[in-house]
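Student: Spelled out, the chains give:
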Amino acid sequence: MYGLVNRAIEGLIRDRFGDDTWEQILDEANVEEDGFVSLDQYPDHITYDLVGAASKVLDTPAEVLLRAFGTYWTCYVGQQGYGPMMSLDNQSLGQFLSQLDALHTRLAIQMPQLRPPSFTVEHPEPHIHIVHYHSERQGLGPMVVGLLEGLLELKGLTGDVTWLEKKGPGADHDIFRVVETGPRT
Amino acid sequence: MTALTPQEVRAVFPLFLATDRTLTITHAGPAWARLGIAPVGHPWASLFTVMRPHLPDTLPATFAARATDPFHIRLSGHLHDFRGQLLVRPEGFIFLLTPAVRTPHDLARMGLGLTDLAIHDPTADLLVYLQSLTTALADARELTHRLRKRRRELSEAKRVAEQARARAEEAAEARFLFLAAMSHEIRTPLHGVLGMARLLDRTLLDSTQRQLLTTLQRSGGTLQAIIDDVLDFSRLESGQVVLDATVFSPVEAVHQVRDLLDVTARDKGLELRVHIGPEAHRPTLGDPHRFQQLLLNLVGNALKFTSVGHVAIRLHRTDDHLHCAVEDTGIGIAPDARAHIFQPFIQADASTARRYGGTGLGLGICQRIVDAMGGTIRLESTLGQGTTFFLALPMAPLAEPVPTPVRAPLQVPRTRPSGPLRVLLVEDNEVNQQVGRLTFEARGWTVDVASNGLDSVRMAAQTTYDVVFMDIQMPDMDGYEATRQIRASCGDQLPIVAMTANAMPSHKERCLQAGMDDFLAKPLVPGELDRVVAALL
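Just so you know, the sequences run in chain order A and B.
If you read the first sequence in the numbering used here, its first letter stands for residue 1, the second for the next number, and so on.
If you read the second sequence in the numbering used here, its first letter stands for residue 1, the second for the next number, and so on.
You may find that some hints are simply not true.
Stated by the list, open to error - To list a few chain A residues with every Cβ distance to chain B over 10 Å, as calculated:
#1 Glu23
#2 Ala53
#3 Gln99
#4 Ser135
#5 Asp160
To be verified - Here are some of the chain A residues that sit facing chain B, going by a computed Cβ distance under 7 Å:
#6 Gly35
#7 Val37
#8 Gln79
#9 Gly81
#10 Pro84
#11 Met85
#12 Met86
#13 Thr105
#14 Ile109
#15 Gln113
These are computed hints drawn from the structure, not numbers from a lab.
Here a beta-carbon is modelled for each residue, glycine too, at the ideal position from N, C-alpha and C.
Chain A on its own, in the form it takes in the complex (with noise of 0.2 Å):
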């Protein structure tokens, strides 16, 4: 995993539950670095780790943190420069959802460790979005959640995002569906 990531969790944790926190998880997940380099690629272990130890210091569920650091993700990403070339502003959810896989080409082009995943969306009516998503890695669904609500959240509109159907035996992928209910007030 890139250690993009695993700063953005850092982030998260030092943002919300302060530094000595932070400190603790580390210790808890008996990760030594102390500083993940954006672009440098670390074992996946060390994010999984990373959530564990967090789940166990914080007293949460893994999901639950896996959800919020997905919101977390949008607005992180966004902040490190990313979010201007992704061009969220100008243009509808719908569309923004549409060009996720070629975002990650790209980015899979620059990074070639990066083994991104992989969405393509279909949408049955304006206003709902069905995104299909393909990962090698596992247990991230949650994550997808948070990130999706936090996509909602960025375009300033209500709505809800529902996980349709969880990757496992008989289904090689996970399926969200994304309902904007209107502006978010």
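Once you have looked at the hints, place chain B on chain A.
Tutor: The following block gives chain B in isolation, referenced to the frame of chain A:
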């Protein structure tokens, strides 16, 4: 090859413009709408300015003549720049354009995103790459900032630790000085008490009186041992102990300890055993006195807490460590007491202290000596069955046995006087004057007494003495200065022996530096006086 359909052209070149032969725009790519303009129907020159190449005019023929050049054009009134190329077609011109941007922010400023660029356009990849560099630079700044912060914190922590260490050292030094002063103040009267008791022992006493005197002497001896322990522990705590590094035989040290304590063992009906491993016979480099002190403490303890059975000393070595085990068949140590048995003033429990006495400093001293040597000490014990202490000391064996160096005589050889000795006792304490006088007279010596350093200098100049016994702390002139002045006036032939309650090794060293020949600590240990005089004369 077939021509592209209009839809394909729109997909492949989101920012294309097509004009007729008069340069009026007839078609435009979808991305122009995202820039907020609708160029179709406008004359090309009303919306755009050619920045490069230089064109003298905007006539179609002029454009057609530069069809092979790259074009740099600007959207008038917006400062949005584009680059691309011009195709000349029979029906007019086609401009294939892409934003001319240097950073992702340039693209965002135009209101465009990566998806507004043609899929084949490497500008998008370049922008992602540039963003990666920006991220890396931001990381470097942030991590450098974090490093600086850590360095400041570390520096501050070091400063605080240094202050704490200095305060601790000052406190330890102050405590040591206090204890040294107290030691002197206690030793001085104790010298009188024990000296008088020894003199009393030489008189005719009935059995009850002798029993009382024995108790008095034993109590005085215990008090002296306690003072020695407290002072030694304090020195170890304050880091004032510098270990010797001399060649010695560990086996010889073990046998000396056995010889010293064998009587005590036999008095209690215990067997004191010694087991030496074959490889332990080689000499080693270390501090023989501290090594012996460790053994004396451990074996002394073992004898104290054992009433039946044996005490054994086992010595063996590995390549770089000397190992010594002191095993007893005594009362043992309860598991919960083992954790703090090496702490000062701690014994296994209060009843132990009441029953067996002692300060509880012996093992604390052992721990600190072992620490100073860089070794380890641990114990195994079974309550009611006995205890074994294990020492592991980093003392490598020497390749070949090295003879113990012979100490050079302290002074030039002197001629022993034929008649009774005439000695000068320099002592300001009246009780100790009396003890000294009677002790010396009991040996048939003639004794003069000087009550301070000044008198001693004067008397030594007027009378020929065989030995001077010099106290140190005295009013008017101390023993160091008196010695220097006596040496200046009488030369090096006159033996001067310090006899002082300042019993620290550093005091002894200072006495020798001042010109004294030997050193006797108060209270006097029986036999030491005769040993020192015999060595000098």
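Student: State for each hint whether it applies.
Tutor: Going down the list of hints, with the structure as the test:
no.: 1; hint: Glu23; result: holds (12 Å)
no.: 2; hint: Ala53; result: holds (20 Å)
no.: 3; hint: Gln99; result: violated (5 Å)
no.: 4; hint: Ser135; result: holds (20 Å)
no.: 5; hint: Asp160; result: holds (26 Å)
no.: 6; hint: Gly35; result: holds (5 Å)
no.: 7; hint: Val37; result: holds (5 Å)
no.: 8; hint: Gln79; result: violated (10 Å)
no.: 9; hint: Gly81; result: holds (5 Å)
no.: 10; hint: Pro84; result: holds (3 Å)
no.: 11; hint: Met85; result: holds (5 Å)
no.: 12; hint: Met86; result: holds (6 Å)
no.: 13; hint: Thr105; result: violated (9 Å)
no.: 14; hint: Ile109; result: holds (6 Å)
no.: 15; hint: Gln113; result: violated (13 Å)
Hints 3, 8, 13, 15 from the earlier list are contradicted by this structure; the remaining hints agree with it.
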